[in-house]
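*Asks:* Listed below, chain by chain, are the residues.
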Amino acid sequence: MRMIELVDVSRSYGGLTKVAALSNINLTIGAGERVAVMGPSGSGKSTFLNLVCGLDQPTAGTILIDGVDIGILDDDSRTRLRRERIGMIFQTFNLLPTLTAIENVALPLRLNGMSRRVAEPRAVAMLKRVGLGGRLDHRPDQLSGGERQRMAIARALIFEPPLLLADEPTGNLDSQTGDEILDLLDQLHGELNMTILLVTHNEEAIRFCDRLVRLRDGRVVNDEKMERGR
Amino acid sequence: MTFGLSRWGEALRVAIAATLAHRLRSLLTVTGIVIGIAVVTVVAALLEGAQEFINKTAAGLGPGIVRIDKASFQDFVGDAQAFAEARAKRPDVTLEDFRGLRERLRDRLEVGVRLDAALPIGRGGRSLDGVIVQGGSANIYELTTVKLDRGRILNEFDDQYRRPVCLIGKDVDEYLFPDTDSLGRFVKMGGLEYEVVGVAAPLGSSIGASQDAFVQIPLGTFTRIFGSRSRSITLLTKARADQTITNSEVEELTRVAMRLQRGLQPGDDDNFSVTTSKSIEAFAGRITSIVALVLYPLTGIALAVAGVVVMNMMLASVTERTREIGVRLAIGARRSDILIQFLLESTLLTLVGGMIGVIFAALLVMIAALATGFSLSVPLWALIAALSVSSSIGIIFGVFPARRAARLDPIEALRKE
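Chains as they are written, first to last, in my numbering: chain U, -5 to 224; chain G, 8 to 424.
Incorrect hints may have been included.
[Claimed, not checked] Partial pick of chain G residues on the chain U-facing surface, computed with a CB cut under 10 Å:
id, residue
1, L12
2, R14
3, A28
4, R30
5, E256
6, G307
7, A309
8, V334
9, R335
10, L336
11, R341
12, A392
13, D416
14, I418
15, L421
[What the hints assert, rightly or not] Non-contacting residues of chain G with respect to chain U, defined by C-beta distances greater than 12 Å in every case (computed):
id, residue
16, R20
17, A24
18, N162
19, E181
20, F233
21, V263
22, Q272
23, S284
24, R342
25, I402
Rather than coming from a laboratory, the hints here were simulated on the basis of the structure.
Remember, predicted model here, so these are calculated numbers, not experimental data.
Backbone N, C-alpha and C define an ideal beta-carbon position, used for all residues, glycine too.
Kindly generate the complete structure, drawing on both the sequences and the hints.
*Replies:* Printed below as a string of structure tokens:
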């Protein structure tokens, strides 16, 4: 089963003098695979992630997510796909500061039109699953970095999506907390078997993955299977 | 349906959270709205109170009753000089006019007269100042709103024989006769004693002044004491009970009879004023609409400025929360969710501002009512209008910032620190 398929995907920016962020990427990632994407700054990692989640669109080529060509979807349909089928976690957590843990985690469900009565118990269950059962009514600024990332993971997985995109999820954490987060992702992967795309600089994080894709100057320079060390 | 409600509910919750997160800033932002709405509501309450007061005064004249006097201020709105000139130059309305008018109209209209003077009135050791002494023709009760509480009214016989009798208002009765019944007892005015033969039912107060501090004595008695020369008096007319005449016919008959009495030629202006309850109401309407015409547009401008302040704050808020908007878009918020959220936020702000303004206005109106004795209150329509106007400001001035928020590029927004 193919979860992500990029066919001759390019993305360039600018007017007359175009700058290519990605050039002719061909990549297929299967369901349940854990793929680390690495590369120096400016190699196109972020562009790659933005294209896969549908926030950005390629200037050429086709992107299929779970068999759906996201290039032909309108804005609302892409938004829906992102909400229901793709979970995202970020280096800076990107939680909403005015909302409690429950409210943050329930937000995607609420955006999908679910009532609070139904959405919040689901959020509570997910928060317990990531080990935040005792922090339900806390706001992000009342939590540690690791706890915030757990909250973000709970939000990303509230729909139990088949695809999780992680942009430097351990980048703002000390190494021990970073390991804990990777362990949590490992455990959740065991339960949900979602595809994980992990953009990272953290060499440690690679050991958590089955495959490593290296980008440089907008091209795939290396794509290898990994022996899982964890 | 559930789908829509839930989205709105979530947007409202976020809007409330965002507003509460910056309480002081939110409050300062809506200060303009608070003041604007408070002013407009107070003005509405005052205008309504003034209208009600004037209507009450008009009702005091009674429907179908026509009043003639030397110069009535309603005929000279906005021209104080002309009013002063008319008062100086026009001939006084006299008892001669009264008798002439009564003679001319005897078959069709009831014609009465009332003269006023102020005198202290006393009994035993007690004395009451500022009491209005009224001399009236015997038919005055048919031409005014004074009603009898007990005893009897003054009659033709009292007038003819200039008897020293009086009918007193409630205040006089209560002050001079706190423990005893006033009927059959005497009060003293200008060195003479008058027997109380009747007590009037209470009339209440207007602009804080009681309407019940009066003593009525027969016209003949009044003219014997105060004289009848060089004193302007008020004539009142209405249709006789056996006549079927419209109110405007009464007015016209009275005017024509008065012109004949004064020997005015066709083309000459009236040298007297004719007032009806309808003309008083029309006058009140004119005054209130002039005030409204000036004040409402001014408040409108103030509210528009307040709206711009709200817009400015919302724009700043969009800039400040760009990252939050990016996160929402990234995790699956539609652009319409963002639009609704910011629109709700601006509307919530101005609506709360409007509510504070209305509460503020209600307090001011309450204080004004206590201070002046006017019966004032914020009318329901003003309350509804204030809240609709304030929320409309939120919607109108919130659209631009909300659209800007909804159109943000999520990738750029997420990059923002």
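*Asks:* If a hint holds in the structure, say so; if it does not, say that too.
*Replies:* Right, here's what the structure says about each hint:
no., hint, result
1, L12, "holds, 8 Å"
2, R14, "holds, 6 Å"
3, A28, "holds, 5 Å"
4, R30, "violated, 12 Å"
5, E256, "violated, 70 Å"
6, G307, "violated, 34 Å"
7, A309, "violated, 32 Å"
8, V334, "holds, 4 Å"
9, R335, "holds, 8 Å"
10, L336, "holds, 8 Å"
11, R341, "holds, 5 Å"
12, A392, "violated, 33 Å"
13, D416, "holds, 9 Å"
14, I418, "holds, 5 Å"
15, L421, "holds, 7 Å"
16, R20, "violated, 8 Å"
17, A24, "violated, 4 Å"
18, N162, "holds, 80 Å"
19, E181, "holds, 64 Å"
20, F233, "holds, 79 Å"
21, V263, "holds, 78 Å"
22, Q272, "holds, 83 Å"
23, S284, "holds, 60 Å"
24, R342, "violated, 7 Å"
25, I402, "holds, 23 Å"
Of the numbered hints stated above, those contradicted by the structure are hints 4, 5, 6, 7, 12, 16, 17, 24, listed in ascending order.
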